[in-house]
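Q: Sequence:
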Amino acid sequence: MTRFMLPAMVLLLAACSGGEDKSGPEDTAEISPLQKADRPAPETAVDGDLPEAAAEPAPTKETAETVGDGKSIPAAIRGRWALKAADCAAKRGTDLTALVIDSANLRFFESHGELARVRESGAERIVADYRFSGEGEEWDRRMQLELADGGKTLVRRDSGEGAAAEPIRYTRCAG
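Just so we're aligned, residue 1 is where the sequence shown starts under my numbering, counting upward by one.
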């Protein structure tokens, strides 16, 4: 007899709950398969957090003289660079200070920057925004790359959050 009392008590207790359905509409709604949301086209500017993003500088003679297509890194800047000439002799992949530049990419030892937007460009100079990734992180950075010493030295100036305060000078590696 006691074994029937426990289920009977549970049923009686359930009957006294008030009878109101307190579940929200999300509990009873049917869930349909996810549909692809319309997304707006990505903005070309990747530098909304940079101080210079608020106002574009007025074109100067230098900015008006865009060399090439204005969508790539100038050919004179491309190549392999290192912080010290002695670092150029290091085996590729072990050269910790190397910077390899092609038409649209900056490749460092543990990071890679892809050209996102050219701001200014000349035969031996470019100011551009890059999308970087490396070591599980992603970030945007504006950089100015400019040749010095007859093309033997590359001077890099970064701007934005986390940028190096002083210019960084690279030496061109042979080959």
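Please keep in mind that the hints were generated in silico from the structure rather than gathered at the bench.
Ideal Cβ placement from N, Cα and C applies to all residues, glycine included.
One thing to keep in mind: the hints can contain errors.
Unchecked claim - The calculated BS3-like cross-link candidates involving lysine-lysine, where the alpha carbons are at most 25 Å apart (straight line), are:
1. K71 to K152
2. K152 to K84
3. K91 to K152
To be verified - Taking CB as the label site, the calculated pair distances span:
4. A123 to R169: 11 to 21 Å
5. G162 to N105: 30 to 40 Å
6. K91 to G70: 33 to 43 Å
Q: Would you mind marking each hint as holding or not holding in the structure?
A: Tested hints:
no., hint, verdict
1, K71 to K152, "holds (24 Å)"
2, K152 to K84, "holds (12 Å)"
3, K91 to K152, "holds (21 Å)"
4, A123 to R169: 11 to 21 Å, "holds (19 Å)"
5, G162 to N105: 30 to 40 Å, "violated (20 Å)"
6, K91 to G70: 33 to 43 Å, "holds (36 Å)"
Hint 5 alone, counting from the list given before, is not met by this structure.
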